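Asker: Mind docking chain B on chain A? Use the hints.
There are 2 protein chains.
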Amino acid sequence: MSVKTKCGKCNGYTTQCAAIFAVIVLTVLSTNQIVSHHSAVRRHTRETGQKLQVNWSDCAPCPPESRPQSSLVQSAWTELSRINCSVDGDYMIGCRQDTFDVFLPASFINKYFEVYGELSPPDDHHQSQWYNFRSSYGTVHPLQQADYTPTGGFLNFHKYNVEARRAILCVTAAEGVPLATQWDKAGYFYAISIAQFGLSHHAKAQLEPTPVTRNFGAGDADLARWRMTAPGSSIKRVLDRVGGVDIPVLAFTSPASFRHGAPTLSLNTQERALSFQIKLTGPGGITVKIKTRRNTFGYVSYALVDKILEVKGDHVTYGMKIGNTRKWLWLTRDLFIDWLKGLGNPKISTNWFLEIVEVTLHGRGYLANMTVAASAHTQNLIQAADWLVNHQDRAGGWPTSVPIKTRAIELPPNWYSAMAQGQAMSVLVRAYNLTQEAKYLEAAVGALALFTRESTDGGVRTRFLGQLDWYEEYPTSPATFVLNGFIFSLLGLYDVQKTAGGDGQRLAQQLWTSGLFSLKKLLGLFDTGEGTLYDLRHVISHEPPNRARWDYHMTHIALLQQVALVDVDPVFSRTARRWLGYCRGERTPHN
Amino acid sequence: MSVKTKCGKCNGYTTQCAAIFAVIVLTVLSTNQIVSHHSAVRRHTRETGQKLQVNWSDCAPCPPESRPQSSLVQSAWTELSRINCSVDGDYMIGCRQDTFDVFLPASFINKYFEVYGELSPPDDHHQSQWYNFRSSYGTVHPLQQADYTPTGGFLNFHKYNVEARRAILCVTAAEGVPLATQWDKAGYFYAISIAQFGLSHHAKAQLEPTPVTRNFGAGDADLARWRMTAPGSSIKRVLDRVGGVDIPVLAFTSPASFRHGAPTLSLNTQERALSFQIKLTGPGGITVKIKTRRNTFGYVSYALVDKILEVKGDHVTYGMKIGNTRKWLWLTRDLFIDWLKGLGNPKISTNWFLEIVEVTLHGRGYLANMTVAASAHTQNLIQAADWLVNHQDRAGGWPTSVPIKTRAIELPPNWYSAMAQGQAMSVLVRAYNLTQEAKYLEAAVGALALFTRESTDGGVRTRFLGQLDWYEEYPTSPATFVLNGFIFSLLGLYDVQKTAGGDGQRLAQQLWTSGLFSLKKLLGLFDTGEGTLYDLRHVISHEPPNRARWDYHMTHIALLQQVALVDVDPVFSRTARRWLGYCRGERTPHN
Numbered sequence: 001m002s003v004k005t006k007c008g009k010c011n012g013y014t015t016q017c018a019a020i021f022a023v024i025v026l027t028v029l030s031t032n033q034i035v036s037h038h039s040a041v042r043r044h045t046r047e048t049g050q051k052l053q054v055n056w057s058d059c060a061p062c063p064p065e066s067r068p069q070s071s072l073v074q075s076a077w078t079e080l081s082r083i084n085c086s087v088d089g090d091y092m093i094g095c096r097q098d099t100f101d102v103f104l105p106a107s108f109i110n111k112y113f114e115v116y117g118e119l120s121p122p123d124d125h126h127q128s129q130w131y132n133f134r135s136s137y138g139t140v141h142p143l144q145q146a147d148y149t150p151t152g153g154f155l156n157f158h159k160y161n162v163e164a165r166r167a168i169l170c171v172t173a174a175e176g177v178p179l180a181t182q183w184d185k186a187g188y189f190y191a192i193s194i195a196q197f198g199l200s201h202h203a204k205a206q207l208e209p210t211p212v213t214r215n216f217g218a219g220d221a222d223l224a225r226w227r228m229t230a231p232g233s234s235i236k237r238v239l240d241r242v243g244g245v246d247i248p249v250l251a252f253t254s255p256a257s258f259r260h261g262a263p264t265l266s267l268n269t270q271e272r273a274l275s276f277q278i279k280l281t282g283p284g285g286i287t288v289k290i291k292t293r294r295n296t297f298g299y300v301s302y303a304l305v306d307k308i309l310e311v312k313g314d315h316v317t318y319g320m321k322i323g324n325t326r327k328w329l330w331l332t333r334d335l336f337i338d339w340l341k342g343l344g345n346p347k348i349s350t351n352w353f354l355e356i357v358e359v360t361l362h363g364r365g366y367l368a369n370m371t372v373a374a375s376a377h378t379q380n381l382i383q384a385a386d387w388l389v390n391h392q393d394r395a396g397g398w399p400t401s402v403p404i405k406t407r408a409i410e411l412p413p414n415w416y417s418a419m420a421q422g423q424a425m426s427v428l429v430r431a432y433n434l435t436q437e438a439k440y441l442e443a444a445v446g447a448l449a450l451f452t453r454e455s456t457d458g459g460v461r462t463r464f465l466g467q468l469d470w471y472e473e474y475p476t477s478p479a480t481f482v483l484n485g486f487i488f489s490l491l492g493l494y495d496v497q498k499t500a501g502g503d504g505q506r507l508a509q510q511l512w513t514s515g516l517f518s519l520k521k522l523l524g525l526f527d528t529g530e531g532t533l534y535d536l537r538h539v540i541s542h543e544p545p546n547r548a549r550w551d552y553h554m555t556h557i558a559l560l561q562q563v564a565l566v567d568v569d570p571v572f573s574r575t576a577r578r579w580l581g582y583c584r585g586e587r588t589p590h591n
Numbered sequence: 001m002s003v004k005t006k007c008g009k010c011n012g013y014t015t016q017c018a019a020i021f022a023v024i025v026l027t028v029l030s031t032n033q034i035v036s037h038h039s040a041v042r043r044h045t046r047e048t049g050q051k052l053q054v055n056w057s058d059c060a061p062c063p064p065e066s067r068p069q070s071s072l073v074q075s076a077w078t079e080l081s082r083i084n085c086s087v088d089g090d091y092m093i094g095c096r097q098d099t100f101d102v103f104l105p106a107s108f109i110n111k112y113f114e115v116y117g118e119l120s121p122p123d124d125h126h127q128s129q130w131y132n133f134r135s136s137y138g139t140v141h142p143l144q145q146a147d148y149t150p151t152g153g154f155l156n157f158h159k160y161n162v163e164a165r166r167a168i169l170c171v172t173a174a175e176g177v178p179l180a181t182q183w184d185k186a187g188y189f190y191a192i193s194i195a196q197f198g199l200s201h202h203a204k205a206q207l208e209p210t211p212v213t214r215n216f217g218a219g220d221a222d223l224a225r226w227r228m229t230a231p232g233s234s235i236k237r238v239l240d241r242v243g244g245v246d247i248p249v250l251a252f253t254s255p256a257s258f259r260h261g262a263p264t265l266s267l268n269t270q271e272r273a274l275s276f277q278i279k280l281t282g283p284g285g286i287t288v289k290i291k292t293r294r295n296t297f298g299y300v301s302y303a304l305v306d307k308i309l310e311v312k313g314d315h316v317t318y319g320m321k322i323g324n325t326r327k328w329l330w331l332t333r334d335l336f337i338d339w340l341k342g343l344g345n346p347k348i349s350t351n352w353f354l355e356i357v358e359v360t361l362h363g364r365g366y367l368a369n370m371t372v373a374a375s376a377h378t379q380n381l382i383q384a385a386d387w388l389v390n391h392q393d394r395a396g397g398w399p400t401s402v403p404i405k406t407r408a409i410e411l412p413p414n415w416y417s418a419m420a421q422g423q424a425m426s427v428l429v430r431a432y433n434l435t436q437e438a439k440y441l442e443a444a445v446g447a448l449a450l451f452t453r454e455s456t457d458g459g460v461r462t463r464f465l466g467q468l469d470w471y472e473e474y475p476t477s478p479a480t481f482v483l484n485g486f487i488f489s490l491l492g493l494y495d496v497q498k499t500a501g502g503d504g505q506r507l508a509q510q511l512w513t514s515g516l517f518s519l520k521k522l523l524g525l526f527d528t529g530e531g532t533l534y535d536l537r538h539v540i541s542h543e544p545p546n547r548a549r550w551d552y553h554m555t556h557i558a559l560l561q562q563v564a565l566v567d568v569d570p571v572f573s574r575t576a577r578r579w580l581g582y583c584r585g586e587r588t589p590h591n
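If you read the protein sequences in the order shown, they are chains A and B. At position 587 of the first sequence (counting the first as 1) the number is 587 in full-length UniProt numbering, and the numbers step up by one without a gap. At position 364 of the second sequence (counting the first as 1) the number is 364 in full-length UniProt numbering, and the numbers step up by one without a gap.
Excised from the complex, chain A in its bound form:
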């Protein structure tokens, strides 16, 4: 009989569980009854007069996501009496009782303690179900890399899918970056979302093999593959200046209406990244016909209109903006995401994208460099970096146009965020390291200036008790001291100081050094001994402590693990380990 033992270093609940389970096995074998393991320990102690001793070196480490073994499952029924339980002397709930123990309902436990539980899925092998009880819903994704460099991955961002989030309306066709809706349903460009979009794709590019790209160019064979399905439509090869160079491109003419599309090129591929350059002389665009998992068809158009996203039945249209008439645009689209946003972000859908069937051209214009690939992560990074370069303001920042007004945070329109500045720097440095194009590094260095300006003066810096520098995710007054945004901003500073030279390097290094000093001094303020706090509003403004939900607790851990890779102080890894324990119900000792 195989028994899963509990490993002391995996959970602080008790250090006697290996022995406890041994006792349980004996109990099961001898009496065919399961007793709670505490009863078992008590009984063992009573009967033998000995305290249980466990040699923990025998104990294998517990994999965090291990599937529990079901050797203890019993299908027998038993009689329990009902008993009322008084909760804190305030009210009663219905419980159960047997000779050994009282049993409390999970529905109460989950709510009262803010924990989680669910029955395991039914088992194909007709084995019994079990109940999964968890302190946290968070999953610990290991860091992507064992070191941290400004050219490499970023925390566990390879697990992020920024543009798929509900708070993202879509990736716009004109800009190629996600449009946020968190604080304004109309949508706005939020530098943090854009930077995270770039960082997550860069991180994925590090991990995944370089995708094989199929080109659909302007050669004779390429031309011959286009079908002319509408009267008066044509396609031919011409030379045109694209990105400063004359290259052969396809000139096309067809009805501008998207109902009578032609020319058409069959692609029939399950790859989802479609990239092309397009220049239109008037209304028109390109339509991608897709097949869904349940074998129906859908249409995703990129049209020279000003609407950002329009959904009509099975037709989703992304606007490339009328202002871009007669300009070459470079689109790199993830058809899975573009179709998903049209479907309204269903979590699971048979209607999901399965295959690109064909593309059809509308109106008059030019098409160049059309490719299909499994992914286009590097190009997605460049889209983000280009948006950042093109939208950086004179102060070196990316202001958020939308004001915030919540219970604790109030910001007028066009506020700067140290987190936006920092994450933008991390994107720009990566784009620079990839392309060696100076504009990216210049923009990253330009983003430093706001770190030297007080948040009360339009910058992002505040000081704890007037002396410890802190870079504010939300530059409120009084300050909020959001932990995760601060550390993200530090990583951006680190990236710049490791990449730039001259004054930029010196300033970044100085900001990084003083920020890291503050982080060490103030890290403990966010530690409750059983979880972490999101910010310091309880210290500064005497608000109730704003406990970090498990998502943010996990982000805190990943950030500390990341900082531990670039600073020798053991406090970061030690704290990260302790915080990891909180996810499994561990608590620090009390006095």
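Since the hints were made in silico from the structure, they are not lab data. Please note that the accuracy of each hint is not assured.
DSS-like, lysine-lysine: derived pairs with alpha carbons at most 25 Å apart [unchecked claim]:
1) B:K291 - B:K347
2) B:K521 - A:K521
3) A:K439 - A:K498
4) B:K520 - B:K498
5) A:K439 - A:K405
6) A:K498 - A:K520
7) B:K520 - A:K520
8) B:K236 - B:K279
9) A:K520 - B:K521
10) B:K291 - B:K312
11) A:K327 - A:K291
12) B:K520 - A:K521
13) B:K521 - A:K111
14) A:K307 - A:K279
15) A:K347 - A:K327
Just so it is clear, the structure is predicted and the values come from calculations on it, not from any experiment.
Answerer: Quick look at chain B alone, frame taken from chain A:
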């Protein structure tokens, strides 16, 4: 059928319990089954499609210690199946399951969440038991008074019984103050215990009616009541100088051996406070014969020996010290406590003190002002104050002779404590206000000096981030920032600034003001959103946070409630209310 409703302001668990219980009642009545109230709510919502609405103005406040009504108790048995529960994916425990819910064993819940539960005591009326589930074991004692003055009560110290604690060896006969054993089993005078002894008795004196005191003087009738039971023993009236005044006292001669005691005076009283002045010219003393609750007899002697406490069978001896030969000593003894310490502090005992039977004199000496009363609280305060006056050192402090070496706190012998200084001040100011004797106020003012000296320089003051004054209960380096000790020291400063004049008043006011400023700035650092922290070792030294156990959490609340009475800032009462909620499982919101 009477149903206990849950009041929203008593517990934040859910705001729908009144309606939930209404549903439960309906369920009980209609199906004779109890379902957990969450199931009930779910079912209600499912069946009616409505959300439950409760008018909370109908809801009576919940008394914190109310005995839950047992109208929900059901004695029927039911069948539940066994199911295994996986805990955080680490190990399995045995649970139960019915159609509505999974049930987890209380023995596991209590350990995992550090909560408490026990079955109610068996009921005389043959009603069913219930299970008492509680987040905290702490009891909230309301403050003694609705205001705070340096002449009045102190927090909830009227509930304290300092000398009965296990960490107190006894109240010594020579000094009349408690002897601590917490860090040294041999015993040592600890100014905090002594001050708390004085403050608790002063607080009790405020609440209880002045006890009726019976005097056993040196008049003819008094003399006649002494029985001469041993050959050669005698007693007579003489004049002697006691406390600077010539008064009639009793001169006695009898065998010095405590085995042959005489003269003897019958008292036969259940009052427990015996007070007398005694002067011995050689070996001897006084023995009090007591009767216990199980009608056996015991003997408590106060003898001119150097041992502090000696127990031989049913004979407990307290030493008045040979050095006190030919000196008038004033003893005020609580026979319940003196006998209890001889019994070894049993929590419940039939052998407890019931009655003083008689007193017997030994050796040669003088006796004056013997009284019996129900209590001697005011005299106990004076004992503490006198000890403090007599043992204050040149620096104005009461150093602790015993070093400390724990995981986080290390102090060499003779360290000062801001808490000791502060609580001593509170005692001395009360003794001064009672007696108008200048020595008490002078000692209180003298105790201020150590607050102006850094803890690294032999004082008790440290500064948070070098700028916020903090008075250290333990003047460690690096600093520990113990919250309760700091606020106790503030109350002492408040007492002096309200009582002293001149420079003393000015210094006390300045120390109080800057301390209160720090408290407001740093209070949030101790708040975890579900409990409080004992100190800031996690901030200063990156230790795991030292969570306050419920006793200290309760003390934190009482201290804030007390400060709220002398400062207008609503932060103190608001925080105290929030912290009170944590005792019933309330948590602050998470982000």
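Asker: Could you run down the list of hints and mark each one as holding or not?
Answerer: Hints, verified against the model:
A threshold of 25 Å between alpha carbons decides the hint, and for B:K291 with B:K347 the separation of about 19 Å falls inside it, so the pair holds. For the suggested pair B:K521 and A:K521, the alpha carbons sit about 17 Å apart, so the restraint of at most 25 Å is met. Annotation: proposed proximity of A:K439 to A:K498 holds, straight-line Cα distance about 17 Å (limit 25 Å). Between B:K520 and B:K498 the alpha-carbon distance is near 21 Å, which keeps this suggested pair within the 25 Å criterion.
The suggested pairing of A:K439 with A:K405 is violated, with an alpha-carbon distance near 35 Å, which exceeds 25 Å. For the given pair, A:K498 sits about 21 Å from A:K520 by alpha-carbon distance, which is consistent with the 25 Å threshold. Distance hint between B:K520 and A:K520 is fulfilled; the C-alpha atoms sit about 23 Å from each other, no more than 25 Å. Between B:K236 and B:K279 the alpha-carbon distance is near 15 Å, which keeps this suggested pair within the 25 Å criterion.
A C-alpha spacing of about 20 Å is found between A:K520 and B:K521, which places the hinted pair at or below 25 Å, so the restraint holds. About 17 Å separates the Cα atoms of B:K291 and B:K312, which keeps this hinted pair within 25 Å; it holds. For the suggested pair A:K327 and A:K291, the alpha carbons sit about 31 Å apart, so the restraint of at most 25 Å is broken. For the proposed pair B:K520 and A:K521, the alpha carbon gap of about 20 Å is at most 25 Å, so the pair holds.
Pair hint B:K521 plus A:K111 does not hold up; C-alpha atoms about 33 Å apart against a cutoff of 25 Å. Our distance criterion of 25 Å between C-alpha atoms is met by A:K307 and A:K279, whose separation comes to about 18 Å. Proximity of A:K347 to A:K327 is assessed by CA-CA distance (about 37 Å); at most 25 Å being required, the pair is judged violated.
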